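Q: Chains as they are written, first to last, in my numbering: chain S, 335 to 540; chain Z, -17 to 86.
No lab work stands behind these hints: they were computed from the structure. Some clues are possibly wrong.
Stated by the list, open to error - Below, a list of computed lysine-lysine pairs in the DSS-like style, where the Cα atoms sit at most 25 Å apart:
(1) Lys356/S x Lys23/Z
(2) Lys537/S x Lys50/Z
(3) Lys356/S x Lys537/S
(4) Lys537/S x Lys23/Z
(5) Lys356/S x Lys69/Z
(6) Lys50/Z x Lys419/S
(7) Lys419/S x Lys23/Z
(8) Lys50/Z x Lys23/Z
None of the values given here were measured: they were computed from a predicted structure.
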Amino acid sequence: MNQSSLHEDIAYVRDLAEAGQKAPLLGGRFLVFWGALTTTAYFLHYAIAAGLYGWPDIAYAWVWGCFIASGILGQALLVYTIRNKPGGNSAGNRAEATVWMAGGFALFAYFGTLIAKSLATGEPVPGFESSLPLVFAIYGTGLITSGVMANTKALTYAGAGAFAMIAAAIWFDGTTEIWAVASLGMFLTVLLPGLVLIRNEPKSVV
Amino acid sequence: MSDATNPFDHAQIDDVIHGRLRLGIMAYLSTVSPAIFGELKEKVGATDGNLSTHLRKLEDAGYVRQEKRFVGRRPQTRVFLTDTGRKAWLIWIDRMQGLMRAAE
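For reference, chain S alone in the conformation it holds in the complex (with noise of 0.2 Å):
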């Protein structure tokens, strides 16, 4: 071993390294689920309380129970989708997976306790509607993580756009229009940088 061959060496197992580190975050696909997901339910939402369609109250019962339903079976095909992409358990992808698992548990915790309160007294309860700043505060939280980790701009930008839709949430509070705005929000941060992201995903190996 001399010293040119060693520096070959160390040369190729830092490129292999660092393949490793940049290893393209696969979180795109869940991104642009549950931005198209959360966009549409958010507009059909303002389009019941505006009456655009004239659509009675129950419609909102049909909406969010279809959010549920498409959004439990969607987040399952996903995870089934993404076994066999390389570089899944990088720094990068796991705090990803961690970070967005978290805020899922937190949002279940809300808004289950929201649905078993409202089953439990059969009435509505005023949660819901005051619940946009802190979905905006998770995915801004996921998406600055996710971002920063794997050094992906476009994701640490929505995550600023997401906080700052936490400031949109609060001051169109108790308005229709603030359902608009949220689904307007949801499809330009998330369902945007999750495009971004698919776009540089690498093929699937075996």
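Put chain Z on the given structure of chain S with help from the hints.
A: Using the frame of chain S, we list chain Z on its own:
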């Protein structure tokens, strides 16, 4: 006789790690573990047979662990860097750093 304080002592270099392909495997696994067999093959630029041979050598030393499973109907092998492997990898890096410092 091996001398741990002598940076030029070749006996101090872990032969199991210090092969080009095995170096690549260890380097990649140090940042992505577990890695899918096909992912590892693509990253280190090896054939199936060559990679299997070198993985077996690392596995025999306890540095990596292979796990087979099915994804749908297709078999998939995942390769994990073990704790022993990570320690050996760090020792190898220290050894190389010492060697290069001594050679400067």
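Q: Hints first: check each against the structure and report whether it holds.
A: Cross-check of the supplied hints:
About 17 Å separates the Cα atoms of Lys356/S and Lys23/Z, which keeps this hinted pair within 25 Å; it holds. Using a Cα cut-off of 25 Å, the hinted pair Lys537/S and Lys50/Z holds, with the two alpha carbons roughly 21 Å apart. Simply put, Lys356/S and Lys537/S have alpha-carbon atoms about 15 Å apart, close enough for the 25 Å limit, and the pair holds. Straight-line distance between C-alpha atoms of Lys537/S and Lys23/Z comes to about 14 Å, which keeps the hinted pair within the 25 Å bound.
Note on Lys356/S and Lys69/Z: the hinted pairing holds, with a Cα-Cα distance of about 23 Å set against a maximum of 25 Å. A distance of roughly 16 Å separates the Cα atoms of Lys50/Z and Lys419/S; the hinted pair therefore holds under the 25 Å criterion. For the hint pairing Lys419/S with Lys23/Z, the CA-to-CA distance comes to about 13 Å; that is within 25 Å, so the pair holds. Restraint check: the Cα-Cα separation between Lys50/Z and Lys23/Z comes to about 16 Å, which is no more than 25 Å; the hinted pair holds.
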